[in-house]
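One line per chain: the protein sequences are A and B, in this order.
Be aware that the first sequence starts at 1, since it is given in this note's numbering, and climbs by one per residue.
Be aware that the second sequence starts at 1, since it is given in this note's numbering, and climbs by one per residue.
One thing to keep in mind: the hints can contain errors.
Derived pair list, reagent style DMTMM-like, types lysine to aspartate or glutamate, alpha-carbon separation capped at 25 Å [stated by the list, open to error]:
{"#": "1", "chain 1": "A", "residue 1": "Lys2", "chain 2": "A", "residue 2": "Glu68"}
{"#": "2", "chain 1": "A", "residue 1": "Lys5", "chain 2": "B", "residue 2": "Asp110"}
{"#": "3", "chain 1": "B", "residue 1": "Lys99", "chain 2": "A", "residue 2": "Glu20"}
{"#": "4", "chain 1": "A", "residue 1": "Lys25", "chain 2": "B", "residue 2": "Asp230"}
{"#": "5", "chain 1": "A", "residue 1": "Lys13", "chain 2": "B", "residue 2": "Asp285"}
Which chain B residues stay away from chain A? Per the calculated CB distances, all over 12 Å, these [unchecked claim]:
{"#": "6", "residue": "Ala71"}
{"#": "7", "residue": "Glu252"}
{"#": "8", "residue": "Asp309"}
One side only, chain A facing chain B, incomplete, derived with CB under 8 Å [stated by the list, open to error]:
{"#": "9", "residue": "Tyr6"}
{"#": "10", "residue": "Arg10"}
{"#": "11", "residue": "Gln54"}
Since the hints were derived computationally from the structure, they do not count as laboratory data.
Just so you know, even glycine gets a beta-carbon here, dropped at the ideal spot from N, CA and C.
Now for the letters of each chain:
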Amino acid sequence: MKLAKYVKFRQEKFGGVLFETRSEKVFTLNPTAAAVIREIDAGTAEGDIPARLQAEFAAQDPAQLAREAADFTQQLRDQGLVEG
Amino acid sequence: MADAGHNAPPQQIQRLGAPLFVSWQLTRDCDLACIHCCTESAPGKVMAGELSRDEALNLADQIIDQGVPYAMLCGGEPMVVPHFLEVAERLGRAGVQLKIETNGQRFNADTAARLADLPVRSIQISLDADDPAIYARQRPGASLDKVHDACRAVRAAGLPLEVTFAPTRVNIAQLPAAIARARELGAFRFNTGALMRIGNAARNWRKLEPTDEQYTLFRSILEREAESGDAGMELCYLPFRMEDGLRQCLAEPPATLLVLPNGQVKALAALPYIVADIRLDSLADAWLNYRQAWRNPALLSAVEQAAGDNADHATANAWRALAVPRTECKKGALQ
Chain A
1 MKLAKYVKFR QEKFGGVLFE TRSEKVFTLN PTAAAVIREI DAGTAEGDIP
51 ARLQAEFAAQ DPAQLAREAA DFTQQLRDQG LVEG
Chain B
1 MADAGHNAPP QQIQRLGAPL FVSWQLTRDC DLACIHCCTE SAPGKVMAGE
51 LSRDEALNLA DQIIDQGVPY AMLCGGEPMV VPHFLEVAER LGRAGVQLKI
101 ETNGQRFNAD TAARLADLPV RSIQISLDAD DPAIYARQRP GASLDKVHDA
151 CRAVRAAGLP LEVTFAPTRV NIAQLPAAIA RARELGAFRF NTGALMRIGN
201 AARNWRKLEP TDEQYTLFRS ILEREAESGD AGMELCYLPF RMEDGLRQCL
251 AEPPATLLVL PNGQVKALAA LPYIVADIRL DSLADAWLNY RQAWRNPALL
301 SAVEQAAGDN ADHATANAWR ALAVPRTECK KGALQ
């Protein structure tokens, strides 16, 4: 899985932004969502993302973190923001 | 009027560390003298003090360093600038997605081949008519054949093509034929909207402004085409009038820096306010000034006024500096 061709990500203090330049739509991301995008950008396999997030967000419930990551990844697919 | 510094809702731009989009007019010079040109471009109308090649490449480096994801190179006609491709390559090779606006008169297969290696989001070409004589009336000196060739070169190189149609009293009836031609040429998007009362269009307003009846028919054609369900090409015409776009900007200012050929940075295309000068300010400082400007009651009031009266846009190219308290801005801007 990788970001779609016309999708750019930028880290921000509040989390991050995804910019789909073809439609010129901007999506603001909270810190968890931004971390998921960073992992996708880094080439982390989808199944490994929850474990990577747990290392970064140790205070959060691992099951909930995994659910949030899965939901967010599905949203990215539904919106055509990722491919593969 | 709301004081954005106190009671207005938070603006997204105040949270962003850098612009998301830089719209960069490389020159005011152009090889055409279009009767409606919003930048008042024409052959030989280079602006005093346009950025040199070295200054332009420096700005490109700042765009890269600031993490700006998307930039548009336009003019005037960007292809008359000797370092146009060099700037595009500097940006594109660093991953900045590019949109290039051209009149298509000089764009050929060689240009397309050079750009094809870069992350080009689109090449936008003006296609205001399908009748060569009408096209040449709107854009004196232009060849419609060259425009079609340019569009074909874009597609042959695998680059995304979008076209733009600026309606005037001269060409507005050409809309259906232009839409059909754009589809045939493989455009993914067709951009239009009401004529903007800026630059040459403002000067020639009485002769160029389409009548209400013409606009009614124009809108009905666009709506019918949009509803026809042809997914091959998106019709993009909303907000239809610039005034509606300005009201949207008031609600949520764009995360865009508009850089003029001489390096000055405008708050908004439709208004004359300058918020920074790239020769004096870094791009990072220009962004801070821009954010501060959108909290400035003088700017907000001017946008509100322009949103209510399109005659206000006529002075959009008579720039004046907006008083931005720069030191204060730099201290307080990052949240």
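Each hint tested on the structure:
A distance of roughly 18 Å separates the Cα atoms of A:Lys2 and A:Glu68; the hinted pair therefore holds under the 25 Å criterion. Of the pairs offered as hints, the one joining A:Lys5 and B:Asp110 holds, with about 24 Å between alpha carbons and a cut-off of 25 Å not exceeded. For the given pair, B:Lys99 sits about 13 Å from A:Glu20 by alpha-carbon distance, which is consistent with the 25 Å threshold. Taking the CA atoms of A:Lys25 and B:Asp230, the gap is about 22 Å. The hint holds against a cut of 25 Å.
About 18 Å separates the Cα atoms of A:Lys13 and B:Asp285, which keeps this hinted pair within 25 Å; it holds. With a cut of 12 Å on Cβ distances, B:Ala71 falls inside the contact zone with chain A, its closest approach being about 10 Å. With a closest Cβ-Cβ approach of about 10 Å to chain A, B:Glu252 is found to fall inside the 12 Å limit, against its non-interface label. Against the 12 Å criterion, B:Asp309 stays outside the reach of chain A, whose nearest CB is about 27 Å from its own CB.
Interface hint at A:Tyr6: satisfied, since its Cβ lies 6 Å from the closest Cβ of chain B, which is below the 8 Å cut-off. Interface restraint check: A:Arg10 against chain B, minimum CB-CB distance 5 Å, threshold 8 Å, status holds. Nearest Cβ of chain B to the Cβ of A:Gln54: about 27 Å, over the 8 Å cut. The hint is violated.
Comparing the model with each earlier hint shows violations of hints 6, 7 and 11; every other hint is respected.
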